[in-house]
Amino acid sequence: MPATKFTPSIISRPIYGGLTPHGAVPALMLASGPGGEALLDLIAADPAVLPHATVIYIPEGSDLGPRLEAQGPASYVEAASYASILPRFRKLLAEALMNTRLYLAGTEGLIGQATAEALAAGMLLEAIEAEHRGSLARRMQCVHCKGITEDVTTDPFTCSHCGLSLFVRDHYSRRYAAFQGVCVDAETPGEVPPKQEIKA
Amino acid sequence: MSAQMLRVTEIEALSPLVKRFRFEHPGGKKLPLFSGGAHVVVEMPDGDLLRRNAYSLISDPQDGSGYEIAVRREDGGRGGSRFMHANVSQGDTLRISTPLNLFALDARARKHVLIAGGIGITPIIAQMRQLLRMQDRFEIHYAARSRSEAAGLRLLPRLPHIHSHISDEGDRMDLGAILDRQPIGTHVYTCGPEGLITAVAQCAARLGWPRGSLHSEVFLAPPPGRTFEVTLAKSGRTVTVGPHQSLLEALEEAEVDIDWSCRGGACGRCETDVVSCHGRIEHNDHWLSEDEHSSQTKIMPCVSRFRGRELIIDR
Ligand code: FES
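Protein chains in written order, with this note's numbering: chain B, 64 to 263; chain F, 75 to 389.
Okay, chain B solo, but in the shape it has when bound (with noise of 0.2 Å):
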């Protein structure tokens, strides 16, 4: 699955410049699903990233783990979930140096949330390289009741916390890693849009 190419859109909406390789120093790797061809991608444009490497890969259905592992990467690790791998990936952040790479491939999710992680360990976003493959979900917040829902792939969409129906805006928060959901039928209550689904 190749790389996803966004339309452009609102200064806040993230693009993905995709993952550059910058050569042998620490790197932490994370991808989930067809992420894990993206990472591949990187290891053939520079075998040197991979001797530093730690790669954690959240299959989620996709057969690429063993490939992955057979690269060789100084630690491979494979997970159910991004919630799971959490308290692996914080102990890692927390331990990384000045000169650590982040290389983060998958949906949108995945990349939001796991910046925002690296953002609150003190890594700046030019240390972060981020590639989206995958789904097109989005991670919504709703701006009424605050709470996410995951894995949005229409619009509108209710919210699964209040019940709303929310209209997915491009608006999006770095630090709660998700797009904002609006009510849909404020003004006109039960005046609901036909479900579309996201594609970009």
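Careful, some of the hints might be misleading.
Computed list of lysine to aspartate or glutamate pairs in EDC-like fashion (alpha-carbon distance at most 20 Å, straight line) [to be verified]: (1) F:Lys185 x B:Asp214; (2) F:Lys185 x B:Glu180; (3) F:Lys104 x F:Asp120; (4) F:Lys185 x B:Glu260.
On the chain F side, residues computed to face chain B include the following (Cβ under 10 Å) [unchecked claim]: (5) Arg182; (6) Ala183; (7) Arg184; (8) Arg255; (9) Pro257; (10) Ala278; (11) Gly286; (12) Gly299.
Don't read these hints as lab results, they were simulated from the structure.
Using N, Cα and C, we set each Cβ at its ideal position, and we do this for glycine too.
Model the placement of chain F with the ligand on the given structure of chain B, informed by the hints.
Same frame as chain B, now just chain F with the ligand:
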């Protein structure tokens, strides 16, 4: 530029070349607080000349009872520091600007590494006071040529994470050792000669650090040069800039209204559009980008000069 008249209440020699000055409000009023790394501009009426120099504050940012600066006498300089050393006595009043900070600590940092060379220790002293108060993690590396010249030694407390490197005692600052293996979230602040700032940047790049973690400050004295003329687009007038004068000073003398703050090519406040340029602008600032320098469409009058047939600026 807002400023007020303050009284010199203390003068102390920190080293043969460096004096500490303390300023207080003549009526005992509290002065605005500042943040570590801030500077003030001191006005010095020297005969017909009004000299203005920027000096970093070294006092506690949370203490509004006075402002303190440390001034190194530059015998080859334009005369501001010589004036401070020779003509200013306790009890005098001088016009001092409100503090401005172009070298603030980065609030995202988990650890601060402060590197100073020579008199570059001054902003770092106030940053240190702020860090001590906030109980933030930091270390200081201060390099000086000799113990007698090292005015900073008098201002730095003896703490295990404050290191002095006196080069004529064989202790040279080893930037590689300082920067190697620093934890993520480290920010580095360098103040001193340009060579030191460049060396830190090169060392950090070699180690693979992101550039955004590096902060530096260098105040340039306006460099002298040949006399040149500048035409003002708005009035059609021409001003002549003398060899030891800056374009900013010449504009002020001609009573042209122009904003400024650092007077050292760092803050951007005096940025001026160039209407036409036949010749070469000698850019000396740290503000404009390389592209802006080479396109010759802007000039920083506080430090930059001109050589050529004609320069018309939008003033
Ligand atoms: S006054 Fe600050 S750059 Fe000129």
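Hint by hint, here is what the structure shows:
| no. | hint | result |
| --- | --- | --- |
| 1 | F:Lys185 x B:Asp214 | violated (36 Å) |
| 2 | F:Lys185 x B:Glu180 | holds (17 Å) |
| 3 | F:Lys104 x F:Asp120 | violated (28 Å) |
| 4 | F:Lys185 x B:Glu260 | violated (45 Å) |
| 5 | Arg182 | holds (7 Å) |
| 6 | Ala183 | holds (7 Å) |
| 7 | Arg184 | holds (4 Å) |
| 8 | Arg255 | holds (6 Å) |
| 9 | Pro257 | holds (6 Å) |
| 10 | Ala278 | holds (8 Å) |
| 11 | Gly286 | holds (5 Å) |
| 12 | Gly299 | violated (37 Å) |
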